[in-house]
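Engineer: Okay, here's what each chain looks like letter by letter:
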Amino acid sequence: MRTGIAVKDLTLAYGDRIIQQDLTFNVEPGDIFVIMGGSGCGKSTLLRNMLGLETPTQGDVQYDGESFLRASAPERRLMRLNWGVTFQQGALISAMTLAENLSLPLELYTSLSAQERKELIDLKLSLVGLGGYESYYPSEISGGMRKRAALARAIMLDPRYLFFDEPSAGLDPLSSRRLDALIRSLAESLGATVVMVTHELDSIFSIATRAIYLDNQTRTLLDAGTPSELRDNSEHAVIREFLNRGGERSLTSNKEAP
Amino acid sequence: MTVHPASSNPAAHVEQTNAGLTITLAGDWIRANTLPDFGPLIAAMQRANAVHLCGEGINAWDSSLVNLALQLHREGQRQGIALTTELPPGAEKLLALATSVPPIATKTVDTSLAARLAAINPLGWAERVGRDVASLFEFIGALLSALASGIAGRARVRLTDLLQMAYQTGPNALPIISLSSFLVGLILGYLGAVQLQQFGAGLYVANLVTVGVLREMGALMTAVIIAGRTGAAYAAQLGTMRVNEEIDAIEILGVSTMEFLVLPRVLAVVIMMPLLTLYADVLGILGGGIVASGLGISPLQYWTQAQSSLGLDHLLVGLFKSVLFGALIGIAGCRAGLNAGRDSAGVGRATTEAVVVALIYLIVADAAVNILCQLLEI
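Those protein sequences? They're chains E and S, same order as listed.
Using the numbering used here, read the first sequence as starting at 1 and increasing by one per residue.
Using the numbering used here, read the second sequence as starting at 1001 and increasing by one per residue.
A few of these clues could be false.
Said to hold, decoys possible - Ranges of calculated distance between the beta carbons of each label pair, as one might list FRET restraints: (1) E/Arg70 x S/Ala1126: 30 to 40 Å; (2) E/Ser39 x S/Glu1138: 27 to 37 Å; (3) S/Ile1140 x E/Tyr136: 30 to 40 Å.
Derived by calculation from the structure, the hints in this document are not laboratory data.
Please read these numbers as outputs of a predicted model, since none were measured by experiment.
Note that the Cβ used here is the ideal one computed from N, Cα and C, for glycine as well.
All chains should be modelled from the sequences, with the hints used to inform the complete structure.
Structural biologist: Right, dumping it as structure tokens:
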């Protein structure tokens, strides 16, 4: 049964340095859920902990009611079958062509024939506007194309959950908006729940259905809600200011926080 | 009280009134001028309950002025004294920016001899070494498990990767292996010739070179070169993949990094090392032959004498070492690469570590095999 993602009392730390503490929130099925906050607040670290790439100091992350952090390696592998992840730089395997990159999850988890795999790869690359780029290496295409190819790889197995770490980082505004539209369109079509780390206001307001704000002064989750609610009604001035003015807030944030 | 600098221009006048202390600044407050000493100004603050910093007489200013204002502001905060300022608008803005986020507590480092001696902590060092050795065995265990999966046909080892790595490790290294092994044979020949000629046994240069190259130097020198060339390349490749989050992506896809990345690399170097060593042996013996010809030994005599010492046991010991060295180079390179940090400096550190650790492994393993051979009388 799909109940979404539940993050419970998660504390993230590097050695003795606490990054965020006591994070508790739910991502409902179908949400496009944005983790936002200023630079260095631990957004990407939270995502990496949710994905099991780093281990939290305490707390739990549950997917559809099952604990991921307490799951055995084979159980984790099964749970990851429902995930599609894209990283900041795309993280395509540089020694493999786009087709080989996209083929990897199919070879691992399906018994499709080579022809069927080829057709599916063609479909997914076409979905992200990269039809015909099968034999290109990641180094032969632009940064924006790499991100779209990574998105194609992420949706190869029609995942229930899609995770994005700063998808618009390094892209021009037009490419960023196109990528946002593509993510929203694919998520809706696949019925996927999206968790996205970003601090780009345009992305937040154009696609997020819900958002949380991580504060880098208090090292806690300050508030959660829809982006508009948070901008207009959050009791925390720092969030209202972040959503109204973005990066301009950073130097004066802790003075003006309630 | 007026504090005048030696070269006049910027000046600070301090006046005590009922309302508090007023510091009036005048002149050109720029770095190029000699500024008044801040010490007396800050000291004067301590007797006041409120301080006003007035800059109405300032003609020109740069960060020096803002620096003074910030120092007074910090002192005011420490003493609980209210500081008001009346500076040029730009300086006011900079002061507001500089004071908007309070500085974090300064990290203090104890540099005393006692603290440094305590930091050495031999037990901590031993613990780190212990952890490192345990992690090495864990890595080897995971690698053997991946190898078993590979043999059973369950592992995801890409043949193209294996062939590409083997090509980079083997044929691409032939020029440098040729040069080094030929010269090692030559050096061994000269070394032996100098000693053996004293006893009229110059002909035995052939035996010395043949046994030395087959048993020891062929494998060792090849391994040293491959450690610097291939081991470092493995660390750089995997370290860069770590920085680019490719390894994270592979793990998320559920692919074993041990099977997908490490196994083909280690297998490539393990397969190519004995072949390169055999090639190095031939060139080493040839290098010794050049020295022998200089001693008046004919090529036929040299070859006949070399054949007499060309035992299969020497050859097999050398080849066994080459396989072992290959595995150690692969392990050191891949382990360093996978453990690289997530920044570009981490790749550099991983590359250095791959070579240094591989050389240590080689020396320790070589000594261990030699002792074992001695015990087994091989």
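Engineer: A separate judgement is required for each hint: does it hold in the structure or not?
Structural biologist: Going down the list of hints, with the structure as the test:
1. Under the hint 30 to 40 Å, the C-beta atoms of arginine 70 of chain E and alanine 1126 of chain S, about 33 Å apart, fit the expected range.
2. Look at serine 39 of chain E against glutamate 1138 of chain S: about 36 Å separates their beta carbons, and that is inside 27 to 37 Å.
3. Separation of isoleucine 1140 of chain S from tyrosine 136 of chain E is about 37 Å and conforms to the stated range, judged on CB atoms against 30 to 40 Å.
Violated hints for the displayed structure: none, as all numbered hints are satisfied.
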